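Trainee: Now for the letters of each chain:
Protein chains: 2
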Amino acid sequence: MKAGPSQEEIRRHNLGTLLRHVHIGGSLSRTALAERMGLNRSTILGLVSELASVGLVREGLPRETGRAGRPSLVVRTESDRAYVLAFDVGVDRLAVARIGLGGVFLDRREIPVPPGGHDAGKVAEALAASALEMVGTAPKGTSCVGVAAAVRGMVRRPDGLVRTAPYSGWEDEEFGEDLVRRLDLGLPVSVENEASLGALAEHLRGVATGCQDLVYLHGDIGIGGGIVTGGRLLGGDQGYGGEIGHMVVNPYEGRPCGCGARGCLEAEAGERALLEAAQRDPAATGRDAVRAVVEAADRGDVAARAALHDVGDWLGIGVANLVNVFNPRTVVFGGTLREVFLGSAAQIRSRINRHALAASRENLRLRVGELGDDAVLIGAAELAFSEMLVGPLETLARAGA
Amino acid sequence: MKAGPSQEEIRRHNLGTLLRHVHIGGSLSRTALAERMGLNRSTILGLVSELASVGLVREGLPRETGRAGRPSLVVRTESDRAYVLAFDVGVDRLAVARIGLGGVFLDRREIPVPPGGHDAGKVAEALAASALEMVGTAPKGTSCVGVAAAVRGMVRRPDGLVRTAPYSGWEDEEFGEDLVRRLDLGLPVSVENEASLGALAEHLRGVATGCQDLVYLHGDIGIGGGIVTGGRLLGGDQGYGGEIGHMVVNPYEGRPCGCGARGCLEAEAGERALLEAAQRDPAATGRDAVRAVVEAADRGDVAARAALHDVGDWLGIGVANLVNVFNPRTVVFGGTLREVFLGSAAQIRSRINRHALAASRENLRLRVGELGDDAVLIGAAELAFSEMLVGPLETLARAGA
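These protein sequences, in sequence, are chains A and B. Counting from 1, position 115 in the first sequence corresponds to residue 114 in numbering that gives the first Met the number 0; the numbering is continuous, with no gaps. Counting from 1, position 113 in the second sequence corresponds to residue 112 in numbering that gives the first Met the number 0; the numbering is continuous, with no gaps.
For the record, the hints were derived by calculation from the structure and aren't laboratory data. It is possible that some hints are incorrect.
Identical chains blur together in the list; that is why a pair holds if it fits in one copy or across any two.
[As the list claims (entries may be wrong)] Computed list of lysine to any residue pairs in SDA-like fashion (alpha-carbon distance at most 25 Å, straight line):
id: 1; residue 1: Lys1; residue 2: Gly54
id: 2; residue 1: Lys139; residue 2: Leu182
id: 3; residue 1: Lys1; residue 2: Gly390
id: 4; residue 1: Lys139; residue 2: Leu186
id: 5; residue 1: Lys121; residue 2: Leu93
id: 6; residue 1: Lys1; residue 2: Gly230
id: 7; residue 1: Lys121; residue 2: Thr163
id: 8; residue 1: Lys1; residue 2: Leu160
id: 9; residue 1: Lys121; residue 2: Leu160
id: 10; residue 1: Lys1; residue 2: Leu38
id: 11; residue 1: Lys1; residue 2: Val389
id: 12; residue 1: Lys1; residue 2: Glu34
id: 13; residue 1: Lys121; residue 2: Arg156
id: 14; residue 1: Lys1; residue 2: Leu203
id: 15; residue 1: Lys121; residue 2: Ile110
id: 16; residue 1: Lys1; residue 2: Arg298
id: 17; residue 1: Lys1; residue 2: Arg156
id: 18; residue 1: Lys1; residue 2: Ser48
This one's a predicted model, so the numbers in the text were calculated from it and none came from an experiment.
Sequences and hints are given; from them, build the entire structure.
Mentor: As structure tokens, then:
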């Protein structure tokens, strides 16, 4: 428990907070900023001027006002002045984006996983090469202020070591450090689990904006989870929290799981369980294969309907457990679970009603993610921007701009 | 997101933080306080003087120094100057305590649940009468600065409404408001779930001191949970978070649960499951009956050993799920689960090793609560003190002292 901040720390905090408001909230008038921050208008004016003098925000006319008369000016971010690099290491594709203040995608590329994708070094090499091309073509006077990468695995919080990323075959990879060396931008690289970043994105910019307590389920080959409780991303002691795919829901009769246990939620309700139950070609996997099952069920395919029913049962049980444990306001289904939810919502709801306590579920909203496949990149960008939003001037100065 | 604090807010924050340090940490030298709070010694001197002038702390010689030479003075709380009232509404007994700064029990009584204990009004009446006797006998010049009550049920965070307390037969009881009226001390009454308060107590003063991520399981008739993540008590959207007793672990074959579902952790591993499996007299319930099963198992009683084995299996599965979801540093077994853990630790550990991910459990510690039956009262007292530790002078002034 520390003492209160100094005057200088307060000034830094206020600059960061103002920038965060316009970064997340878009265009805001100085009056609105004064209200949200609890400061008087002259203090706000000073803060806006300071951020504008280094090119992070500018004032201008609102895009549309809908009212007659002279509109008041609004403050907005200069989306190109400071940007971050966001990486998403998927199972079968890599994505790289250059994202500006305000969450604007300035550049975006997908590249195939390089041959020998189990070699984390080759993945880092491909990502770094693509990112450096983006940095090279960025306009003059713009600065990269942060880098973050999403992986399908368990990431140790203090140092970003990827302890295990089973679908990439990684164990104890210093992936972030490797990216730091290859990029050579003088910036640290934050590494985080993809579902946690999906949760962060939907919390800040998606379907759960303004919601302080949410559970995000991310379907991919496996089932990942990202949890926001009291407005903060749950990490746990070492950063491994949120592994909801390995909650045991069927301990004795359950299907074997990749983790070595039996009856995990991921084993019962993951992609493989769905595709097997729907009697699909074992070679077909991924989002398209899952979508095909949902479409077949819509057309009346008996095996597909039964598969969605079973998977919905297990998902409902898993979500009910999470509702009892977290009392979230919103549960968000992302990745391939978006499609699965749309195909088995009735079953999921029925299980939640049976297994979740009445008080815990009475205000519950079930939603599909609204950021789609970009959720993870958007979350990575927010993680990469976090230092900037704490100390804008210091971060910009360190970026050599 | 608010702007940084004013000078006055900083002063208040620093007074509260200093008081919290000595309230939780015991006697501390001014040098130690300066270090922990990141303030210089003259600022600390000013804060100590201000708190001492209203009688909340005093400086004196340490109780023992173990070093030669003149010992430095230490700051400690005046345990009797400001106190709180803590209530614990158990299933078969009520407890009331008057607890001073520093967590010192100044007075403590147990009273039986009044006839017709399903009437929340009668319970509040008995608690208030006992508490007012304590207030009446408190020394002159002392002030009651907060009141909190623990209940075995689900409590709505914003207003303290007891939505349901199944073992007391309560539904939608304005229990806190009722206590406010009956006590008539001009103070609000905070109401909270008993397992959340047990978690808070073990986190602040017990076996998990200094641990920021812990899961506390409280055994009573049912199984309650209190979760601290990132140093904060998990509440969820409405305050109902932590209902780990209703995680489904055995959805198809499971025993019926009091909540109406089947295969909840509480149904499989709670007191009733243990006593039935151990073939005990159905009339014997409670802590003594549970302890008798553990003792019988120690002596080689076959049914008792089998019962502990089964219950340990389910508890281990439940804990493994919580380890995957929360990645806690410490799992604490409190209430009757203290005894159950001591009798089935091997089984619990074996299940955790099978079902929890290796990274999530590698630093995990399993512990029994060290505050015993008082954990809940201690947690209630901390909740009642929380306003005092944010603004000591304002709280004292409001208490009319």
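Trainee: Hints first: check each against the structure and report whether it holds.
Mentor: A quick look at each hint next to the structure:
With identical chains, the CA atoms of Lys1 and Gly54 are at most 25 Å apart between copies only, with a shortest distance of 23 Å across copies and 33 Å within one. Taking the shortest alpha-carbon separations for Lys139 and Leu182, only the intra-copy value of 19 Å comes in at or below 25 Å, while the best inter-copy value is 69 Å. With identical chains, the CA atoms of Lys1 and Gly390 are at most 25 Å apart both within one copy (19 Å) and between copies (15 Å). Within a single copy, Lys139 and Leu186 get their C-alpha atoms as close as 19 Å, which meets the 25 Å cut-off; across copies the closest is 62 Å, which misses it.
For the identical chains of this complex, Lys121 and Leu93 are intra-copy neighbours only, at 12 Å inside a copy versus 65 Å across copies, given an alpha-carbon limit of 25 Å. For the identical chains of this complex, Lys1 and Gly230 are neighbours both inside a copy (21 Å) and across copies (14 Å), given an alpha-carbon limit of 25 Å. Taking the shortest Cα distances, Lys121 and Thr163 sit within 25 Å of each other inside one copy (17 Å), while across copies they are farther apart (56 Å). Taking the shortest alpha-carbon separations for Lys1 and Leu160, neither the intra-copy value of 29 Å nor the inter-copy value of 34 Å comes in at or below 25 Å.
For the identical chains of this complex, Lys121 and Leu160 are intra-copy neighbours only, at 17 Å inside a copy versus 57 Å across copies, given an alpha-carbon limit of 25 Å. Within a single copy, Lys1 and Leu38 get their C-alpha atoms as close as 24 Å, and across copies as close as 8 Å, so both meet the 25 Å cut-off. For a Cα distance limit of 25 Å, the shortest separation of Lys1 from Val389 qualifies both inside one copy, at 17 Å, and across copies, at 13 Å. In the homo-oligomer, the alpha carbons of Lys1 and Glu34 lie at most 25 Å apart only across protomers (9 Å), although the nearest pairing inside one protomer, at 28 Å, exceeds that limit.
Proximity of Lys121 to Arg156 under the C-alpha cut-off of 25 Å is restricted to the intra-copy arrangement: shortest distance 23 Å within a copy versus 50 Å between copies. Within a single copy, Lys1 and Leu203 get their C-alpha atoms only as close as 28 Å, which misses the 25 Å cut-off; across copies the closest is 17 Å, which meets it. When the C-alpha separation of Lys121 and Ile110 is checked against a cutoff of 25 Å, the pair qualifies only within one copy, where the shortest distance is 12 Å, while the shortest distance between copies is 69 Å. Taking the shortest Cα distances, Lys1 and Arg298 never come within 25 Å of each other, neither inside one copy (61 Å) nor across copies (52 Å).
For a Cα distance limit of 25 Å, the shortest separation of Lys1 from Arg156 inside one copy, 22 Å, qualifies, whereas the shortest one across copies, 27 Å, does not. Taking the closest pair of Cα atoms, Lys1 and Ser48 come within 25 Å of each other only across two copies (19 Å); inside a single copy the shortest separation is 31 Å, beyond that limit.
Violation of the numbered hints given earlier is confined to hints 8, 16; the remaining hints are satisfied by the structure.
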